[in-house]
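Q: Sequence:
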Amino acid sequence: MTDIRVGIATDADRYRNTDDTVWFQEPLPAATDVVLTGLPADQRFAAEIDGAATATYPGVYGVFPLELALPGPDGEPRLVPCAGLTWVGVHPDHRRQGVLTAMMRHHLEQVRDTSGTHVSALHASEPAIYGRYGYGLSSLELEVMLSRGATLTAPGLDADAGTVTTQMVTITDPGLPERMRACHRAHAESGEVVGSLGYYERICVTHPEELRDKEPWRVLFARRDGEDVGFAVFRREHKWERARPSGKLEAWKVVGAPATRLALLRRLVDFDLMGSVKLRSISSEDPVLAWAGGPRGTSSIETYDSLWIRIVDLPEALAARTWSAPCDVVVQVDDTAAPWNDGRWRIVADADGSATAERTDAEADLRLPVAALGAAYTGGGNLVGLVRAGQVTEARAGTARELWRALRTDVPPAAAVGF
Numbered sequence: 001m002t003d004i005r006v007g008i009a010t011d012a013d014r015y016r017n018t019d020d021t022v023w024f025q026e027p028l029p030a031a032t033d034v035v036l037t038g039l040p041a042d043q044r045f046a047a048e049i050d051g052a053a054t055a056t057y058p059g060v061y062g063v064f065p066l067e068l069a070l071p072g073p074d075g076e077p078r079l080v081p082c083a084g085l086t087w088v089g090v091h092p093d094h095r096r097q098g099v100l101t102a103m104m105r106h107h108l109e110q111v112r113d114t115s116g117t118h119v120s121a122l123h124a125s126e127p128a129i130y131g132r133y134g135y136g137l138s139s140l141e142l143e144v145m146l147s148r149g150a151t152l153t154a155p156g157l158d159a160d161a162g163t164v165t166t167q168m169v170t171i172t173d174p175g176l177p178e179r180m181r182a183c184h185r186a187h188a189e190s191g192e193v194v195g196s197l198g199y200y201e202r203i204c205v206t207h208p209e210e211l212r213d214k215e216p217w218r219v220l221f222a223r224r225d226g227e228d229v230g231f232a233v234f235r236r237e238h239k240w241e242r243a244r245p246s247g248k249l250e251a252w253k254v255v256g257a258p259a260t261r262l263a264l265l266r267r268l269v270d271f272d273l274m275g276s277v278k279l280r281s282i283s284s285e286d287p288v289l290a291w292a293g294g295p296r297g298t299s300s301i302e303t304y305d306s307l308w309i310r311i312v313d314l315p316e317a318l319a320a321r322t323w324s325a326p327c328d329v330v331v332q333v334d335d336t337a338a339p340w341n342d343g344r345w346r347i348v349a350d351a352d353g354s355a356t357a358e359r360t361d362a363e364a365d366l367r368l369p370v371a372a373l374g375a376a377y378t379g380g381g382n383l384v385g386l387v388r389a390g391q392v393t394e395a396r397a398g399t400a401r402e403l404w405r406a407l408r409t410d411v412p413p414a415a416a417v418g419f
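Everything in the sequence shown is counted per my numbering, starting at 1 for the first residue and increasing by one.
Read the hints as simulated data drawn from the structure, not as lab findings. Keep in mind that a hint or two might mislead.
[Claimed, not checked] Label pairs and their in silico Cβ distance ranges:
hint	residue 1	residue 2	range
1	Q391	Q167	46 to 54 angstroms
2	Q167	R132	44 to 52 angstroms
3	D42	D158	19 to 27 angstroms
4	A128	Q167	37 to 45 angstroms
5	R388	A55	46 to 54 angstroms
6	Q167	D352	22 to 30 angstroms
Cβ coordinates follow ideal geometry from the N, Cα and C atoms, glycine included.
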């Protein structure tokens with residue numbers, strides 16, 4: 001049997017070479033330390049196998065230190081530490097040898113042993129992979145296309161939106177990573193992730209190879225009374241068709257309360273020489289759909305999976321969020337990848353929004369994979385729907401509804417930025 005050892009990647013170039021081999025994109029000529037911006041050296045991990053090539057690792061993964069916005073008291077989000085799993089790859093020569101399983105086990109054990117961190121999250125390149133390791137799809141995101149000059153109607157927000165001014169800055173402006181992070185932390189919605197400073201420094205790195213007739217990313221800040229209350233990260237692509245301007249504007253993320261986002265979006269659809277505006281990372285019930293007059297008021301909408309969440313320390317994770325209703329349910333949790341979660345738990349949520357999960361020998365009311373709890377953790381992932389889909393099993397009728405009503409939120413979780 002192959003002996004696979006996982007630990008900190010001590011060779012940055014070898015780590016990068018492995019990623020280049022796995023993802024087979026055009027290699028960037030930038031120095032390795034620039035390519036790895038934002039990914040801390042002590043959060044780069046690699047698998048080793050005796051006899052493997054020395055220019056690459058058999059497998060690699062990384063972790064971005066993040067904060068996850070959870071449902072909090074009075075509907076306000078609460079930020080908690082979260083391990084952002086990223087840069088996951090297995091060298092083609094070492095597939096089907098247990099490398100990914102060894103790295104995932106190492107990651108979950110690392111998270112379990114990290115004080116104050118109880119959940120892991122990721123964006124899945126291939127969704128079928130990560131459900132096997134206990135990750136549940138917690139949110140959806142839309143890619144919405146609007147025409148230039150699109151009318152966004154929101155009479156109840158017009159007065160507030162009118163108090164917002166906008167300021168466009170380049171991605172290379174001094175102090176921009178700090179400014180973006182502070183604004184994002186202050187205005188993150190439940191379900192979003194907020195990065196460490198290094199994450200925003202990474203956003204601000206522009207490689208010439210990534211431009212290709214596009215401008216560098218820019219940031220449009222929303223300001224009220226001299227304070228940043230939101231921002232949009234966007235860039236434009238110059239284009240003409242039949243002597244008419246038909247440029248493309250792409251917004252990677254729009255942050256802020258609804259009135260702030262309305263002001264930002266009205267500015268984005270009003271840039272000169274544009275023909276279309278693509279909005280990424282839009283939540284499944286984002287108000288822009290109502291502002292545009294419904295889905296058919298847009299040019300197009302595409303739906304994708306957004307954040308996948310993995311509960312690593314079940315009792316600590318469930319206690320970290322505010323619950324929406326009381327419940328008292330015994331749950332059989334199936335978790336082979338993190339066996340310390342496997343078994344029966346009595347989950348009790350009180351009227352004040354607090355909850356506990358304790359081991360029990362009582363008969364289970366409900367049986368579910370740990371991925372189902374991850375899917376429902378931020379208020380999405382309807383457990384009743386999963387019963388209907390045959391992925392959650394009730395032993396006592398109505399218990400899925402009871403647990404789901406305690407977990408769900410009034411508004412579905414927001415889409416999370418990529419990492």
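Q: Taking 22 to 30 angstroms as the stated bounds, is the beta-carbon spacing between Q167 and D352 within them?
A: For D352 against Q167, whose Cβ atoms are near 42 angstroms apart, the range 22 to 30 angstroms is violated.
Q: Falls inside 46 to 54 angstroms, the C-beta gap from R388 to A55?
A: 50 angstroms, holds
Q: Could one say that the CB atoms of Q391 and Q167 fall in the range 46 to 54 angstroms?
A: 47 angstroms Cβ-Cβ, so the 46 to 54 angstroms window holds.
Q: Within 19 to 27 angstroms or not, the Cβ separation of D42 and D158?
A: About 49 angstroms separates the Cβ atoms of D42 and D158, which means 19 to 27 angstroms is violated.
Q: Honestly, do Q167 and R132 meet the 44 to 52 angstroms range at C-beta?
A: 46 angstroms, holds
Q: Assuming the hint says 37 to 45 angstroms, is it satisfied by the Cβ distance from A128 to Q167 or not?
A: Roughly 43 angstroms apart at Cβ, these two residues keep to the hinted range, so it holds.
Of the hints listed earlier, those the structure fails to meet are numbers 3, 6, in rising order.
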